[in-house]
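Reading the sequence shown from the start, the letters are residues 1 to 210 in this note's numbering.
Errors might be hidden in some of the hints.
As the list claims (entries may be wrong) - The calculated label-pair distances, taken between Cβ atoms and stated as ranges, are:
1) Ala43 / Ala72: 25 to 31 angstroms
2) Asp66 / Ile134: 33 to 39 angstroms
3) Asp33 / Ala201: 29 to 35 angstroms
4) Gln50 / Ala28: 32 to 38 angstroms
5) Gly24 / Tyr131: 36 to 42 angstroms
Derived from the structure by calculation, the hints contain no laboratory data. The structure presented is a predicted model; accordingly, all values stated were derived computationally and were not measured. For each residue, glycine too, the CB sits at the ideal point set by N, CA and C.
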Amino acid sequence: MITLYDCATAPSPRRARIFLAEKGVAHATVAVDLRSGEQLGEAYRQINPQCTVPALRTEGGLVLTDNPGIAAYLEAQFPEPPLLGTTPEEKAEIASWNWRMEFEGLLAVAEALRNSAPAMANRALPGAVNYPQIPELAQRGLARVEQFFLLLNDRLAGRDFVATERFSVADITAVVAVDFARVVKQKPGEQHPHLLRWRAAMAQRPSMAL
Numbered sequence: 001m002i003t004l005y006d007c008a009t010a011p012s013p014r015r016a017r018i019f020l021a022e023k024g025v026a027h028a029t030v031a032v033d034l035r036s037g038e039q040l041g042e043a044y045r046q047i048n049p050q051c052t053v054p055a056l057r058t059e060g061g062l063v064l065t066d067n068p069g070i071a072a073y074l075e076a077q078f079p080e081p082p083l084l085g086t087t088p089e090e091k092a093e094i095a096s097w098n099w100r101m102e103f104e105g106l107l108a109v110a111e112a113l114r115n116s117a118p119a120m121a122n123r124a125l126p127g128a129v130n131y132p133q134i135p136e137l138a139q140r141g142l143a144r145v146e147q148f149f150l151l152l153n154d155r156l157a158g159r160d161f162v163a164t165e166r167f168s169v170a171d172i173t174a175v176v177a178v179d180f181a182r183v184v185k186q187k188p189g190e191q192h193p194h195l196l197r198w199r200a201a202m203a204q205r206p207s208m209a210l
């Protein structure tokens, strides 16, 4: 059976959980306690030397250690419903918007959080290597989050989904980014009506409760 190495409180594994749920893929879950630093321990390093979650072990024993790889595998193995697009145009548009949701959304929040939270001193970047915090990057991250909300609100004017005319991985990444922003006390407001409408619609999907 497929196994997901997960952490219920972290945004990156949530992306994989939602993707699996939307595909309806049965899988085992192994919890990794990031708060205690379990991801840096020798046992987990044997599974994923990058010391990050999520990681997904396929039925064949391959271990995938990032969301793009996990999504590519699951889409190929379980093509319905398609979350990465079906036509060349859809695939390109979804890939482009998914990257923007990650770079301009998720990474902006992470920049603000990891460079300011006392618990993340010397953990400004995820992974096996320690990096010191840079307080100026925390301020830049907050400014980027504000800009991300504006971008997403503008994109969703008159649209039901972020990328194409159907639900895709870009919506998954966007939802996780918007929700993750709460950890740095940022959330959409009345100035983002299209974003709020879309997020309310996304909340109707059972996968989003994960």
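Exercise. So which hints don't hold here, by number, going up?
Worked result: 2 and 4
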